[in-house]
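First to last, the sequence lines map onto chains P, A, D, S and W. Here my numbering is used: position 227 in the first sequence is 227, and no number is missing along the way. Here my numbering is used: position 248 in the second sequence is 248, and no number is missing along the way. Here my numbering is used: position 178 in the third sequence is 178, and no number is missing along the way. Here my numbering is used: position 153 in the fourth sequence is 153, and no number is missing along the way. Here my numbering is used: position 218 in the fifth sequence is 218, and no number is missing along the way.
Some clues are possibly wrong.
Derived DEER-like restraints, expressed as beta-carbon distance ranges [claimed, not checked]:
id	chain 1	residue 1	chain 2	residue 2	range
1	A	P322	P	A339	29 to 37 angstroms
2	A	H82	W	E233	38 to 46 angstroms
3	A	E39	P	A40	52 to 60 angstroms
4	S	K351	D	T117	49 to 57 angstroms
I should point out that these hints are in silico values taken from the structure, not numbers from a laboratory. Given the structure is predicted, the values throughout are model-derived calculations rather than measurements. For each residue, glycine too, the CB sits at the ideal point set by N, CA and C.
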Amino acid sequence: MAKSVTRVSKKSGLSPGTLVHVGEKKEDMVRITVIDYNEAGVEERRLERVEDSFAYRDKDTVTWLNVDGLHQVEVIEKIGAHYGLHPLVMEDILNTRQRPKIDEHEGYVVIILRMLTYVEKTKHIDDEQVSLVLGSNFVLSFQESEGDIFDPVRERIRNGKGRIRRMGADYLAYTLLDAVVDEYFPIMERLGDRMEVLEQELISDPTVTTLHEIYNLKRDLIALRKSVWPLREVTDRLERRESPLIKPDTAVFLRDVYDHTVQVIDTVEVHRELVSGMLDTYLSSLSNRMNEVMKVLTIIATIFIPLSFVAGLYGMNFVNMPELQNPWGYFMALGIMVALALTMVAFFRRKGWL
Amino acid sequence: MAKSVTRVSKKSGLSPGTLVHVGEKKEDMVRITVIDYNEAGVEERRLERVEDSFAYRDKDTVTWLNVDGLHQVEVIEKIGAHYGLHPLVMEDILNTRQRPKIDEHEGYVVIILRMLTYVEKTKHIDDEQVSLVLGSNFVLSFQESEGDIFDPVRERIRNGKGRIRRMGADYLAYTLLDAVVDEYFPIMERLGDRMEVLEQELISDPTVTTLHEIYNLKRDLIALRKSVWPLREVTDRLERRESPLIKPDTAVFLRDVYDHTVQVIDTVEVHRELVSGMLDTYLSSLSNRMNEVMKVLTIIATIFIPLSFVAGLYGMNFVNMPELQNPWGYFMALGIMVALALTMVAFFRRKGWL
Amino acid sequence: MAKSVTRVSKKSGLSPGTLVHVGEKKEDMVRITVIDYNEAGVEERRLERVEDSFAYRDKDTVTWLNVDGLHQVEVIEKIGAHYGLHPLVMEDILNTRQRPKIDEHEGYVVIILRMLTYVEKTKHIDDEQVSLVLGSNFVLSFQESEGDIFDPVRERIRNGKGRIRRMGADYLAYTLLDAVVDEYFPIMERLGDRMEVLEQELISDPTVTTLHEIYNLKRDLIALRKSVWPLREVTDRLERRESPLIKPDTAVFLRDVYDHTVQVIDTVEVHRELVSGMLDTYLSSLSNRMNEVMKVLTIIATIFIPLSFVAGLYGMNFVNMPELQNPWGYFMALGIMVALALTMVAFFRRKGWL
Amino acid sequence: MAKSVTRVSKKSGLSPGTLVHVGEKKEDMVRITVIDYNEAGVEERRLERVEDSFAYRDKDTVTWLNVDGLHQVEVIEKIGAHYGLHPLVMEDILNTRQRPKIDEHEGYVVIILRMLTYVEKTKHIDDEQVSLVLGSNFVLSFQESEGDIFDPVRERIRNGKGRIRRMGADYLAYTLLDAVVDEYFPIMERLGDRMEVLEQELISDPTVTTLHEIYNLKRDLIALRKSVWPLREVTDRLERRESPLIKPDTAVFLRDVYDHTVQVIDTVEVHRELVSGMLDTYLSSLSNRMNEVMKVLTIIATIFIPLSFVAGLYGMNFVNMPELQNPWGYFMALGIMVALALTMVAFFRRKGWL
Amino acid sequence: MAKSVTRVSKKSGLSPGTLVHVGEKKEDMVRITVIDYNEAGVEERRLERVEDSFAYRDKDTVTWLNVDGLHQVEVIEKIGAHYGLHPLVMEDILNTRQRPKIDEHEGYVVIILRMLTYVEKTKHIDDEQVSLVLGSNFVLSFQESEGDIFDPVRERIRNGKGRIRRMGADYLAYTLLDAVVDEYFPIMERLGDRMEVLEQELISDPTVTTLHEIYNLKRDLIALRKSVWPLREVTDRLERRESPLIKPDTAVFLRDVYDHTVQVIDTVEVHRELVSGMLDTYLSSLSNRMNEVMKVLTIIATIFIPLSFVAGLYGMNFVNMPELQNPWGYFMALGIMVALALTMVAFFRRKGWL
């Protein structure tokens, strides 16, 4: 994620509102689907040409136009022109490095979100932009790539269960927002699992890998935080119903999304604090281990160095060394050595090192 | 507690208001009790069927319906339908991973709390959700499992001492809230005790266990903080009497609960700072001990290594080594050694290592 | 002080307003004194029975009722009943673990303060609760034990110097508050002295005791902060004259107390930062010292180990070792040793270790 | 950048509004260019004398007067006098150590910005002041040295593409502000690249250079932050259209600049946290490596010191040492040595050090 | 500066408004000067008796009364009485340990400032209180000792350059305030220089002195911050023209002082962060150096200890040691030693330690 934080310089120097897609380029076609519904029925189509969607705009029904893939700038341009979006809004949709935000315009509200997915293989959090445009009777949604997080919403519209078919475009926008936020919880769980593994390692056997894991976790949490914090303001402003497009019935649901966002933020903060505690603990563990290593060296060296000296002493070749001639000399020397060794052991006992 | 922070993903993808109990599953029946009272008298019953409670709703008296256990979703559903609770409120009650909050609805107020209990055996803080619904003449309370913290409240209602029988449902809600918050103090005491033990260990003999204890304490405090901080806003909003359900007479009592909450938060923050001071102290202690170990090694090695060298010198087998033939050679060598050793000792004295 | 942060659980489970003295129990009698004055004169009495004070209430004069000792709950109860205090107020007065606060009630204002005294013997900060109740023409003050910090105030009332006799009960309350806050400055001085001693130790000779002193200082500052921070809000609210009991003439004096409180808080924060700097410095000092120890060991070992090897080499007993027969062999060996030693010394010189 | 934070003392003691250029002195001439345009056409000139620009002031068209170089105080003085700028404004323009700010005056708005450029050669961030004065139909811009960041703006005015020619002076000011802020993104990228290199080094082979690199990065980020944070307030206040000089059409563009600023701030904060995590990781890496070094020493020493002792023992010259006479003595001694060595190896295996 | 933070206890227990000079006592006379001016002319006098100044009060001109030295309490008392200052104001002027503040009173405004001077000799920041009292047509200024920072202001009044003679007392107060704040910049420069020296030392050769220097710098910055932060509020409140004594013309200048104050605060914060980064870097440098020391020891010991063992082995005196009799034994032993040494060197090469 570290990489993603800075790559928007491709645009620097261009006139504002110049549409350039900032993000990964892809070759395949943009996929456009439209779902048009009211309490009575549902119509669902995959469109070949973006112009086919324009007819829905003036109908009474709620229209949800979903675009997967942003690399065909002309598609976005046509939609923007048809729905009267401000050039800067289209720029925000295409430049997929935005922080979450909400912008109110004459007749529509733009919500920029970050959709996170945990990629099991790389143990990495993938981070993609989802842009929602809420009008009086339509919702436009733009994703960088095809995803399935909106599938349950489609299902609910199709079979008409729950209140979704009875309510308006604002409720649909809420549902999509809710789907994005709900995806954060499994990611928190994964991070929680990684943290438990690390805590276990910290206690049993911390290695350099543990250190790099902790650092990576920290990095992920910092990036996550950057995505989640601004979301709080987004949901809060939506819930306070500043825009006439949000009806009172929907506000109570937005309050719920707000609560979820705060819960995610709380968890991120708790994880961040735990990770910082882990780093301290890791450093202390290392010192502890060093202490142990040093003690072993000190004990062995301190016991044998004096003994070796005594042995060296009586290995000297002076002609006149009375002890050497003494028949009990050797055994006395051994006795001195044992006494020395025992003294040292007693000393270490008293120090609590043995 | 680390575990509990993230497990709500079971619900992700469902329609809002879909009732699923998120939490531990249990087999035994849900226990429902009702206490109905006014200044004149008390009626207390344990109900077999939830429908038996519905008659109390329209009476003038104050009704307290307490539900222990949330695993029978249909029970909650019936109560919710009868008392006209919003689907999202029922979802919050069942999804027991909420952070403390207060939500005002048409005709009732919902208060979500975290009840903490210290489990002596595992030295662990157990964390359970308590939901209160306050209406004009009723209080609904939902607990995850049977607990006895509301027993003193029941007792007070039964024998009619104090002002509880004279006052309305808002006072009852206050009493329950107060009972939950009062439970935090013995937990703070336990943590305080653990901290004192750790401080003692830090001074006398810090080990790896001390380190892990400090980390665990830190983790507990982080989790605790997450439960207690939002409570401040809950009690503050209750006390500022934003809802017409809270009468002025009760507000002064809510101010008291607010004060208690702030006191708990203060204590948590103080503990957190102390724990972080402990970690620093621990690390410094380790360095101190390492210093001591190194000094012992250095003193012994530095005294004996030169002596051993002298001994080795006169252990050489050259044919022409004049000193060896000298009858006083041995004693001169011993003299040199003693002089060397004394020099070293003097050096360490001057350094302050001995 | 760590101990004091949590001991209020004795009360948990009781009905609110149940009067229990939470704090140290004492055997001796509660001491009650009354000073009644106006510009014309002063009457001062020590009361045997609390009821003797009740007559003063309805006089025009300013009455100051001071109670030293809170262990006779019935005394407080009687005073509370007579002056119409709310049960929760009496509870706050008796439960001496309150954080500083101000509560406005119908007809009187309650101010809870923490009085700090530095106990020279234990180098400990003692922390006691002082509660003031300000009414239109009376001030009640409650202390846990007899203290002499109010004596200068008494003296000023007696000899009628200054403006105290000319002004009302609000000015008396200010004077008492000022007396409590003024006591914080000598404590700050003591802490400042301890810090200077520690800074000196840090530079000259840091030991484990220094570490524990730093930790204790940190702990004292954390506890101090907890007592002083809320005081800021108390004095601020008093000064903003939210209560009609505070007259404009007194407000300017309260502003002065507010300034003093802010000054104390500033000093506490400065001390806290310095203490945290000390911990870092301490740790660095240890590392520095370890470096020095290690250098000594390394220099000695690195010089003598190769020399000892050479000596050992010519101590071998092979029959065919040409050097041994050489009459200059010994001196050549000595020469090699000197050369080796000089090389090592030169090496350490270049490294800057010698 | 550390240097730049403090050098404004040259002015201390002078009367306010005394014009002195605080910054690097240069010898070459100040370069003044004027671009005058409306929807119909553009006139662009390089001026020899500043007085040549004065005629444009009273025309209907939008006039952009750009000054590169501030060392000719009299030039600024003449412009200031002609456009009626307050002496303190001219002082701010010349004293190029200002923090970003916005000042509203009667009839014009002054915007002070910091323009950052990454100097590839020194791996340093260069920091220069850009001052904008926005009037009803003119924009004055002042740069310390000639730069090319405004060239794309000039190009857009010349060829009349986009909306710039159709809109007023406020839009021109926005465009210049946008050009400055857009320059921050490539700098963020460079820092991001340096961080990735450092993270790589941290994992593979951290050296002292890594440490100094981290510290330099930290220093750059601290300085960067100082330049960027106040910009947030500047753009926010501009966008909230407090000045009548900003028209509603331009406000939405200013909102965009605000969003960019917040994005830059976010990135700086993320980088700062990562850098602080790097320092911790670095320290832990060192401890890890020390552990490894110590283990090698301990293993070798602990295995061979006892063996050497045994060898020394049988190198003693006592006349009566029974083992020496034993024909199998040597081999028994060797056996003992092998056994000792194996014991040690087994011990280290169990410890997990081998 | 650490010392200065706490010494106000001398006053504790006294009645409020009792005038005692808290600060260093001095023997020499208080110096009183008066400058009285309007656009037409200036009168400047040094007064022997304070009463001589009283006549100026009722003139139309602007009167600036400057008092150097506060140890003659009666002088301050007389001035206070004549100008109608509140007793607490006089107390604040005399008690020179105040934090910067602004107090508005009926008819005058009191501004307390801290004037800092860098004492080159002790490398210490000296900290003195300057009190300004601004009335409708007078400014009183009180300094602890004679200083020359107001000399440029006097000069400007004398020769009537600039706008000072044309404007009122509020502009004079601004000028004095500006003079005090301008003095902060050279101090910031000195600190910046010290920091650069330290950064250089950190890279080239960090010693214990470096550590103590860093700590001292940290301490200075903490004290500085305490003096500068409240100044922000002072200048902000002045600039927002809450008092009728500040005229609109002067407000724009006060805005300039506010900007300078914020700039100083920014610099202090930047320095603080850099210093904390230095401490971390220092600690890491130590660890780095320790690593280097340990490597030298380990390499030498690990190469020679096994060699010494081999030498010791063949120094044993067993009668039956076949190798000893072998005429090539010695050379084989040497060969083994060389092989061992080369192996070790190869091992360290692979580890990257050589």
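Checking each numbered hint in turn, tell me which of them this model violates, lowest number first.
Going through the list in order, the structure violates hint 2 alone and respects the others.
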